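Colleague: Work the whole structure out from these sequences, hints included.
Number of protein chains: 2
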Amino acid sequence: MARPRNDTFLRALLREPVEYTPVWLMRQAGRYLPEYCETRKRAGSFLQLCKTPSLACEVTLQPLARYDLDAAILFSDILTVPDAMGLGLYFADGEGPKFERPLRQEWEIRDLTAPNPNDQLRYVMDAVVEIRRALDNSVPLIGFSGSPFTLACYMVEGGGSDDFRTVKSMLYNRPDLLHHILDINATAVTDYLNAQIESGVQAVMLFDTWGGALSHRAYREFSLAYLQKVIAGLKKSHGGERVPSIVFTKGGGQWLEAIANIGCDAIGLDWTTDLADAKKRVGHKVALQGNMDPMALFASAEAIAAETRRVLDSYGGGSGHVFNLGHGISQFTPPANVSVMVDTVHRHSSGT
Amino acid sequence: MARPRNDTFLRALLREPVEYTPVWLMRQAGRYLPEYCETRKRAGSFLQLCKTPSLACEVTLQPLARYDLDAAILFSDILTVPDAMGLGLYFADGEGPKFERPLRQEWEIRDLTAPNPNDQLRYVMDAVVEIRRALDNSVPLIGFSGSPFTLACYMVEGGGSDDFRTVKSMLYNRPDLLHHILDINATAVTDYLNAQIESGVQAVMLFDTWGGALSHRAYREFSLAYLQKVIAGLKKSHGGERVPSIVFTKGGGQWLEAIANIGCDAIGLDWTTDLADAKKRVGHKVALQGNMDPMALFASAEAIAAETRRVLDSYGGGSGHVFNLGHGISQFTPPANVSVMVDTVHRHSSGT
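These protein sequence lines are chains G and E, in that order.
Numbers 18 to 369, taken from the working numbering, label the letters of the first sequence in order.
Numbers 18 to 369, taken from the working numbering, label the letters of the second sequence in order.
The set of hints was computed from the structure by calculation and includes no laboratory data.
Mixed in with the good hints, there may be bad ones.
[What the hints assert, rightly or not] Beta-carbon label-pair distances, calculated as ranges:
no., chain 1, residue 1, chain 2, residue 2, range
1, G, 83, E, 253, 33 to 43 Å
2, E, 293, G, 82, 44 to 54 Å
3, E, 336, G, 33, 43 to 53 Å
[Unchecked claim] Listed next, the in silico EDC-like pairs over lysine to aspartate or glutamate satisfying Cα-Cα at most 16 Å (straight line):
no., chain 1, residue 1, chain 2, residue 2
4, E, 267, G, 179
5, G, 267, E, 215
6, G, 267, E, 179
7, G, 252, G, 208
8, E, 297, E, 330
9, E, 267, G, 117
10, E, 246, E, 208
11, G, 253, G, 215
12, E, 252, E, 193
[Claimed, not checked] If the Cβ cut is set under 8 Å, some of the chain E residues that face chain G in the computed set are:
no., residue
13, 177
14, 180
15, 189
16, 232
17, 271
18, 288
19, 313
20, 324
On a predicted model such as this, the values are computed, not experimentally measured, just so you know.
Every residue, glycine too, gets a C-beta built ideally from N, C-alpha and C.
Modeller: As structure tokens, then:
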């Protein structure tokens with residue numbers, strides 16, 4: 018299996034020389050694109066869109082048709098794994114993800130098992146195969162999963178939360194139970210990402226959306242340790258090519274040194290961290306991905322270009338940087354503004 | 018004017034020797050206390066409670082009757098200043114603070130003026146006088162305000178926000194307008210806190226609840242610069258006693274070195290920051306206040322005591338530490354659990 022024709026993204030993650038800084042956007046196939054909304058309407062629901070490989074493939078490719086992006090990301094949800102465990106993922110209108118059967122009783126936790134990704138998550142693997150075929154080796158395809166802790170948050174809370182009272186009550190009162198869930202999640206996420214790699218994804222990203230809600234000490238014990246376990250279990254290459262891994266703990270800017278030590282190839286950063294400072298702190302251990310404030314995309318073209326250049330300049334050039342937003346793109350973003358950012362990244366970083 | 022009989026809190030803020038680590042809780046007079054809910058019901062509404070000095074005094078003292086706390090904090094809201102500017106603060110049921118007349122037009126912003134705290138905010142000063150009288154020099158009284166940026170968030174958004182799209186659009190598109198608001202807010206907050214000091218508060222705290230939502234660069238320009246302006250304009254002493262200042266930027270753990278340089282006496286920390294690490298980073302410039310996860314108060318008595326000791330031990334003893342939660346106490350906290358924390362702080366830090 019050859020590297021894609023545009024492999025800038027993979028080289029940047031591996032800190033190999035690049036001609037320009039590669040760029041992609043978290044949630045690049047999303048509601049800010051009218052063509053996405055159209056396909057989603059056809060699918061009937063967000064979950065049906067995730068579970069229909071041909072439609073997941075269609076929306077994965079949509080942002081690449083509009084913008085000069087350097088990577089595609091599998092269209093899916095971070096919560097497919099607990100859904101495959103039988104918790105019943107659903108989306109209430111305008112409320113974010115929820116589970117019909119959150120983990121509340123000790124026996125429910127004891128009964129939890131890691132799903133077989135080639136069985137209950139077959140639809141994801143089918144989508145990967147279909148997307149790889151459609152991409153025809155143009156740019157790399159990124160696979161992903163929620164982190165063990167982030168999955169546990171949703172599994173125990175039953176949905177999003179402002180204060181994570183239920184899962185944190187378990188953390189402080191019954192750490193043994195939370196560790197049991199996290200152990201199973203780590204196995205499940207490892208198996209899931211390895212199946213994605215075997216199906217064809219060329220890099221993987223772990224979204225630790227809620228790790229930043231933990232205390233510095235609890236983060237290490239309940240999130241980072243399990244991220245490390247997943248990373249240790251991942252296939253490092255497939256078909257003779259390295260498959261780099263990216264770890265993104267939103268709000269984890271204070272813990273970069275620790276994250277850089279778990280064996281991942283790159284760290285995702287939100288906009289609160291100075292890239293220059295981050296680069297100094299992690300040394301040559303890992304590449305960095307990020308970190309423009311998604312809200313900067315609501316500015317004028319000049320202001321967007323200026324902010325894009327500022328982010329690039331804060332990294333300061335050289336390899337090891339993948340440009341991205343510091344969080345998923347807002348559904349309210351005017352699509353034309355994304356072009357300004359993407360083109361500025363390429364132009365400014367190549368010195369043209 | 019003499020120092021209060023228990024001045025441990027003031028000494029810790031000034032990094033003078035103390036016999037034990039002082040403790041108070043953000044939002045210590047709040048809905049987790051049944052007696053507070055009773056008084057609030059009598060007042061008719063939260064805002065009426067804030068605006069009635071005798072009732073504000075009553076609830077300020079309630080947590081001190083229950084717990085062995087080392088400071089009282091004025092019962093009020095962080096948004097009294099924009100309310101006094103005429104924006105019309107109100108609280109929709111279960112939705113948090115909102116403004117009837119958010120700043121949306123340029124002329125509204127140009128028309129904005131700092132209120133006279135002894136006129137439009139007279140009710141706050143009256144409450145301070147009444148509380149000081151009731152405290153009878155037992156423990157110090159803390160005054161406070163929202164930070165210029167945090168006030169601006171609410172003033173422009175018209176309420177809380179997940180993404181701060183309106184205020185950040187202004188930040189990136191019309192930074193001149195946002196700077197204009199922040200300038201007026203800084204003057205208003207300075208005047209307001211100085212009036213509180215003259216009325217009798219013995220320390221002041223600036224709550225920068227939303228500064229942590231900014232990029233590292235924007236934080237310095239749009240929040241920290243104005244916090245510095247406020248601090249520079251504060252009366253440093255009253256009646257011959259130093260009046261220490263505390264700055265709390267939630268989510269600002271990455272920026273401690275910068276915050277320590279603006280002239281405040283202490284920095285408030287949320288639970289994501291390791292106190293040992295923070296102490297090293299700020300050196301002897303400032304005291305530190307914090308930082309137990311409020312959710313740890315949902316654990317068993319043993320687990321609460323253990324977590325309390327861990328927080329104390331992470332600071333490592335010596336002066337310059339005020340124990341607190343890393344955020345306001347949750348309304349769902351069982352009141353008995355607070356005693357466990359407060360008593361553990363005193364016992365463990367005095368080595369008894």
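Colleague: So which hints don't hold here, by number, going up?
Modeller: 1, 5, 9, 12 and 13
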